[in-house]
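These protein sequence lines map, in sequence, to chains G and A.
So the first sequence is numbered by numbering that gives the first Met the number 0: it starts at 0 and just counts up by one.
So the second sequence is numbered by numbering that gives the first Met the number 0: it starts at 0 and just counts up by one.
Simulated from the structure, these hints should not be mistaken for laboratory data.
The beta-carbon is built from N, C-alpha and C at its ideal position, and this holds for glycine as well.
Possibly wrong hints are sitting among the right ones.
[Stated by the list, open to error] Computed spacing ranges between beta-carbons, pair by pair:
1. G:0 <-> A:54: 37 to 47 Å
2. G:84 <-> A:58: 21 to 31 Å
3. A:178 <-> G:22: 40 to 50 Å
4. G:112 <-> A:58: 43 to 53 Å
5. A:24 <-> G:3: 21 to 31 Å
6. A:237 <-> G:3: 43 to 53 Å
7. A:23 <-> G:77: 21 to 31 Å
[Stated by the list, open to error] Which stretches of chain G does chain A cover? Using the computed rule of at least three CB atoms under 8 Å from a CB of chain A, they are:
8. 18-30
9. 61-71
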Amino acid sequence: MTALRGFLWLVVFLLCGEALVWALALPVSPGVVGLLLMTLWLALRGRVGPDIQAASQPLIAVLAMLIMPGVVGIFFIADEFAGQWLAVAAALLLGTLASVATTLWLMLRFMPPETADE
Amino acid sequence: MNSAWGGLREQLLATPMLAIGLTLAAFFAGGWLFARLGKPSWCPGILFSAMLLAAALVVLGIDYTDYRAGAGWLMLLLGPATVALGVPLYQQLPRIRAVWKPLLISLPPAAMLAALYAVGIAWLLGASPEVLASLAPKSVTAPIAIGITEQLGGVIPLMMGGLLITGVVTTACVGLLAPRLRLRDPRVLGFVLGVNGHVIGTVRAFELGPTAGAFASLGMSLTGIFSALFLPLAWRLVGL
Chain G
0 MTALRGFLWL
10 VVFLLCGEAL
20 VWALALPVSP
30 GVVGLLLMTL
40 WLALRGRVGP
50 DIQAASQPLI
60 AVLAMLIMPG
70 VVGIFFIADE
80 FAGQWLAVAA
90 ALLLGTLASV
100 ATTLWLMLRF
110 MPPETADE
Chain A
0 MNSAWGGLRE
10 QLLATPMLAI
20 GLTLAAFFAG
30 GWLFARLGKP
40 SWCPGILFSA
50 MLLAAALVVL
60 GIDYTDYRAG
70 AGWLMLLLGP
80 ATVALGVPLY
90 QQLPRIRAVW
100 KPLLISLPPA
110 AMLAALYAVG
120 IAWLLGASPE
130 VLASLAPKSV
140 TAPIAIGITE
150 QLGGVIPLMM
160 GGLLITGVVT
170 TACVGLLAPR
180 LRLRDPRVLG
190 FVLGVNGHVI
200 GTVRAFELGP
210 TAGAFASLGM
220 SLTGIFSALF
230 LPLAWRLVGL
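Next comes chain G alone, as it looks inside the complex (with noise of 0.2 Å):
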């Protein structure tokens, strides 16, 4: 019970998202504004309850499942992008690896040494 009690939470923000979006034709999707309105709340409440814990942790926990269904969809368009396999394969591969070692390097370079409160 209690996570579908969290689970009611997360679609009110979702849903409060959505209307943020639509009001103020954002051009972000309701999801992205959901959490950030869920984490301004949290701040401002100054906890967790539990049943936004239980409703949450298991539902991150399955993130990479939900995009599944799409993300299939590259087997199966391989002819009709026939002639441009090379192009699109080098800029992911390359691409992504550039911009890992971009951001790797930013991080490196701003980011100050972790203080030893740990």
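Dock chain A against chain G, hints included.
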């Protein structure tokens, strides 16, 4: 035999249950395989699951569009799951607040370059504008990326496939680079995984620990928000 299966298949596809069952089965089977292989750091479990699922669809002769229509019910949970990321984010808020400046300095160039590298390479190799538009949001979390791709005139399945490969390659790169650079700071690893590898990177970050997970959630959300504002604008400027 074949026609009997055809009839049964049609019956089973009448509700979304077959698609949902297949997705769950592939997810757990992939996870099992991943664990049996000793959770390799260069490859996320999702890749196994996705390949098993694709193989199952081919073997069972299920049309991808039929499958997609049913499994769409599962993807509905992506909304609440994204909201759920607010919990670890809140729990790590003090540590995030301590370094908000370096995070905000690093984010715009990191998110811009993630798109620019891919689009630049594809453009040099002669990809069509349609393909370029599908590759631009490759580091953006799925629900936002769908919106961006539609706006830029890209192809959704190609973009989603790009997300898969980007997530896998990001996980692999971080898994291979981090030990070589003697990098153990969970804040840096998490942020890099989230900014570049969206949900798939974030899942890996949570495997590293709650701090890395929270920084990945943050990186993923900020990249999503920034890209949603930046990419359509950049597209208009370049005149594609």
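*Against the structure, test the hints numbered earlier, and report the numbers of the ones violated in rising order.*
The structure conflicts with no hint, since it agrees with every one listed earlier.
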